[in-house]
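Assemble the complex: chain F is given as a structure, and chain E must be docked to it using the hints.
Listed below, chain by chain, are the residues.
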Amino acid sequence: MRVIHHPILPDAPVPDCTIYYDGKPIPAKSGEPVAAALLAAGVRVFRETAKKRRPRGIYCGIGRCTDCVMIVDGQPNVRTCVTPVRGGMKVQTQKGLGEWKEG
Amino acid sequence: MERGMKKAQVVIVGGGPAGLCAAIEAAGAGARVVIIDENNSPGGQLFKQIHKFFGSFEHKAGMRGCTIGARLLEETKSLGVEVILNAPVYGLFKHEGGMVVSYAQDGREKAILGEKLILATGAGENALAFPGGTLPGVMGAGCAQTMINVNRVLPGKRIVMVGSGNVGLIVAYQLLQAGARVLALIEAAPYIGGYGVHASKIRRAGTPILVGHTITRAIGKAQVESVEITGLDENFQALAGTARVLEADTVCVAVGLSPLTELAWMAGCDFTWIPQLGGHIPIHNENMETTIAGVYAAGDITGSEEASTAMEEGRLAGIAAAEALGLAAGRTKEMKLEIWARMNALRTGPFGQRRFEAKTQLLGSARKAAQ
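Those protein sequence lines, which keep their order, are chains F and E.
At position 98 of the first sequence the residue is numbered 98 (this note's numbering), and the sequence of numbers has no breaks.
This note's numbering runs 1000 ahead of the 1-based position in the second sequence.
So that you can see chain E by itself, here it is in the shape it has in the complex:
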């Protein structure tokens, strides 16, 4: 190890809801914590979530994502957490006393030794391949959401939203709030994927939700000028005579998220395949610790869910890392049980139940791996 290398007791990669909450718990227990984030401001995707969150009072329900983000930042600041920004992490090296985390900043290579490492890298949007899908005007729904809610710019005026999960539904509504027209929200499955309350809002605003429909092409020379959609049969094959063209200038793609797991692979974590959580997931135990001792994972990297669960997982990882450092106070066990109770409450209902089962399967993999 280089002499004089920067050191921290807990290094967290990713300053979104999971990373910030992990930092708050670990720093609250007395650890010296450093967060590294590739973006130019912390908060992850919280600041574009201008809708009110669901859940109970403990889950900060009723509060908008952007407000929650601002509170978490205040808390990390008051606890003295160092946040390194504009710094993509590109290397992890096992080292005596922890893990060396290499990152780039201002065009230079830098490194920090973390006794414990928490990976909270989040998830990225899935793409969808269709003719014309590379034309300017086709974009991820998350991209459109950042543009309207954070940068306050409309990425287009006449939108077709593809995908009826919560991202598709919420972003469609937020595009309407920002003044765009959403011509249709289409969904290949025969039913709406997200919450009924979100779907009702956009229907009331006049946007039709067309289930059993898909996009067949985006048409245009230099950018999207119109969009062809078609009805689908029960085998997802195009129904003859149902194709039609919508005069849209923008296609937003909201077809799910995949965990950003590169660093967990690099660390050598064991993985399992759970489609309900977004694909390959690093195996972790009840403490959010992966199969590599001292390396934790929290938030969407362990399966795409919601910010509410990401925050709880982050807290758990932060508490567990502090405990492993010998810093935790007496209430650790109770705190962890309370968090699990809150997470289990979030993973109920017709949507949550599937995630609950998938997460239970993941914890089962951890027990198997530990044997």
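With the rest of the complex left out, here is chain F:
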């Protein structure tokens, strides 16, 4: 859920683009962290662990813990809490460790 009105801060800007979460379009703001757009859309499970298939989501929010990594535009292990949104981005739930493409 987005916090548009706030008792101290000015009104927040509204989404200006679309990203695709597991193929589904969700509204996003250019430049905001991918994780923020997902949370705003109510998505909290970002990946599954490699061995026990346990769900993980955002934890530290500053790019240190790597719990929020997903596959972004085909690249796995991207920290969504520090990766800015660009319109049209494809974000996928990462299952396990991910596979790196050659080259």
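One should not assume that every hint holds.
Said to hold, decoys possible - Computed list of lysine-lysine pairs in DSSO-like fashion (alpha-carbon distance at most 27 Å, straight line):
(1) E/LYS1221 to F/LYS51
(2) E/LYS1077 to E/LYS1052
(3) F/LYS95 to E/LYS1221
(4) F/LYS90 to F/LYS24
(5) F/LYS24 to E/LYS1221
(6) E/LYS1052 to F/LYS24
(7) E/LYS1221 to E/LYS1157
What the hints contain is simulated information worked out from the structure, not anything from laboratory work.
For chain E alone, coordinates are given in the frame of chain F:
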């Protein structure tokens, strides 16, 4: 050294309150200053601090952290400080004429030679281990604060805050301001850790503060669906019959900060162990210089405190680095004394006194190391 390697008189790692203030002082004295920061914007954690700071007029009290951040950025810009962003520093190499700082940017390795190096890397939030603690919906309080105040997104609707230090109290209040419900703030100790003024605000808003309580598990299949808490006895053991379940979807963990000291270890600085400051701390003297000549440390890396003290420590390091470069004007000594007076004023009262004693101990370690 590679020919044509980038050079600066002062390289600062970290563009938070300490790093920015260090840059302002060093650049103000005439040094060529470069700040390197791994984030995509400078300011560190200042921009999520939407509350008014304490202290006196000189400490910018009454001003919100985000406003202070904007002012510091304007000042560094007007002084011509170069800020390199999205650039994690991963290596430090002693070199003739200073320290080579290696960093990554746009997927490439880069390096800069700094005659003086100031480490202002800040601190990170501590984690807390409990069953269900890895479920989506459990997060650092700082993460929730970034989401609501910077990204303007609620990370959950029904929150349990764990920890009653100032971070826990302030973020709980800011979650309420952002429209979330904070079901309870729990604290294992038998008393509230942070300032009474913050605690009163959230109590007035209807959030109970349960001291002598801890979280025993977060319950849920794919994410947090509820949270079990329990009362504790004076030995921090669960009290029989006091467990209960709160219908929360989010747990925010605010159980202290630890200095981010990796680069100080890498530089070869001597450390000391001071639990009140967050654990292993690089030893520094009154000039914020570590046991490695020409390497300074400022802000939370030298012990988790507040942005107000981080800014003062940064100024001190910036002045001292400029002085060591032979750039400082005549008032250096007075400026440093004024800063120490302001820092000592910030380190008073029931909370500050402990930090004052811990910092005094740290300076004592520096004197011992110098002998």
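Between the alpha carbons of F/LYS90 and F/LYS24, is the straight-line distance 27 Å or under?
Holds - the C-alpha atoms of F/LYS24 and F/LYS90 are around 9 Å apart, at most 27 Å.
Is F/LYS24 close enough to E/LYS1221, meaning Cα to Cα at most 27 Å?
23 Å, holds
27 Å limit on alpha-carbon distance, applied to hinted pair F/LYS95 and E/LYS1221
17 Å, holds
So if I understand the rule, the pair passes when the alpha-carbon distance is 27 Å or less; does E/LYS1221 with F/LYS51 pass?
17 Å, holds
Given the hint that E/LYS1077 pairs with E/LYS1052, does the C-alpha gap stay at or below 27 Å?
Judged against 27 Å, a Cα distance of about 24 Å means the pair holds.
Between E/LYS1052 and F/LYS24, does the CA-CA distance stay at or below 27 Å?
41 Å, violated
Given the proposed pairing of E/LYS1221 with E/LYS1157, does the C-alpha separation stay at or below 27 Å?
18 Å, holds
Checked against the numbered hints given earlier, this structure breaks only hint 6.
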